[in-house]
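Colleague: Which chain is which? The protein sequence lines are L and F, in order.
The letter at position 25 of the first sequence is residue 25 when you use my numbering, and the numbering goes up by one with no holes.
The letter at position 78 of the second sequence is residue 1078 when you use my numbering, and the numbering goes up by one with no holes.
Worth flagging that the hints you see were computed from the coordinates, not collected in a lab.
Built from N, CA and C at the ideal position, the CB exists for glycine as well.
None of the hints are false.
Result set (BS3-like, lysine-lysine): computed pairs, CA atoms no more than 30 Å apart in a straight line:
| no. | chain 1 | residue 1 | chain 2 | residue 2 |
| --- | --- | --- | --- | --- |
| 1 | F | Lys1098 | L | Lys38 |
| 2 | L | Lys40 | F | Lys1070 |
| 3 | L | Lys38 | F | Lys1070 |
| 4 | L | Lys18 | F | Lys1098 |
| 5 | L | Lys40 | F | Lys1069 |
| 6 | F | Lys1026 | L | Lys38 |
Distance windows between CB atoms, simulated:
| no. | chain 1 | residue 1 | chain 2 | residue 2 | range |
| --- | --- | --- | --- | --- | --- |
| 7 | L | Lys40 | F | Gly1059 | 23 to 31 Å |
| 8 | F | Ser1039 | L | His79 | 24 to 32 Å |
| 9 | F | Asn1052 | L | Glu84 | 37 to 45 Å |
| 10 | F | Gly1059 | L | Leu115 | 37 to 45 Å |
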Amino acid sequence: DTEVTQTPKHLVMGMTNKKSLKCEQHMGHRAMYWYKQKAKKPPELMFVYSYEKLSINESVPSRFSPECPNSSLLNLHLHALQPEDSALYLCASSQDSTVRTDTQYFGPGTRLTVL
Amino acid sequence: SQQGEEDPQALSIQEGENATMNCSYKTSINNLQWYRQNSGRGLVHLILIRSNEREKHSGRLRVTLDTSKKSSSLLITASRAADTASYFCATGVRGYQKVTFGTGTKLQVIP
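Okay, chain F solo, but in the shape it has when bound (with noise of 0.2 Å):
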């Protein structure tokens, strides 16, 4: 299975602090994407870093991606109550529609 496995598998902080999650998948990938999911909702696209990238921000995010040690980490900065979610990265391969979404990490952001 690609599926990727996220570390820590619950994070909880203090509003202000930074939050960071990272993601290992197991095969080779055209592109690793973030997704967010407030409790029992759909999943809100965060960001999409491809493989010949290796930093990407937007916002308060900032995503690293090591292809070599396949991994990749979500930096969220100055947090907030409403950061409070659940956080997927989805690992996609050339040619193939298929996504295939790690464990997650759920963040909670106390206020």
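Excised from the complex, chain L in its bound form (with noise of 0.2 Å):
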């Protein structure tokens, strides 16, 4: 099984709300990373878990609360977020190495648009 699933594929939330994403693979990979994606631009890597802790964050603001309850699951809870947060929303996994960078599989993503 090479698939990473995400839920929801779409979300529509407002600015006061609190919903949160889910992503799960089940690969046996030990580092899962999310990413946003703008329109028209390249993902841009938001966190990075390996072996469920928390090894990467590229300074994201904290209305992003990242989270990892086992090494098959992978959610981001989301709170207080402005329009401008309105994007796709990719998570992938990857057998983690700390002696090269591995390919990494994608989830389908979560459009997210912020009202």
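Starting from two chains that each stand alone, build the complex the way the hints lay out.
Modeller: Below is the structure:
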């Protein structure tokens, strides 16, 4: 199974709402990632979890809160977002390695709209 | 920033023609990867070339890497309408989980 799943596919939320994005993989990968992608731009890294511990936070605002409950699941909790946070949010996973940078497997993304 | 620059930004070709896109980057890398993204969807990994490799093939794909020029190229031969997508290069640094994506090339293959 080389699939990364993400739910929901689409999300519309107000600036006062609290919502969560979910990501799941069953490939035994120990590194998981959140990316944000604006239209016509490349994905921008937000967070990296390695062995269920946060290893990289790319100076992301605290209104985005990641969580890795176990090695297969990755959540992104959203609170008090701004309209400029509207984007495609992509989850990815890879075999964790400190020796090389591995191939990342991406989910289909969640299209987020903040009103 | 280590972000790669891709050239051209957009490319339109007829089905059956070859498509070449180029990626330049700024710092030393461990490997370089190419990904494809269909409109509004997730990225699909195409090929990975390591810093000690100069050329790699996978089906209709051919990737070259010139570390002295800090550049890579992706050639898609005998293109098909299904190849229509955006293509991104991504660079990785040894011992560091982060990959940095290039600006992307939007390829349109006309049937």
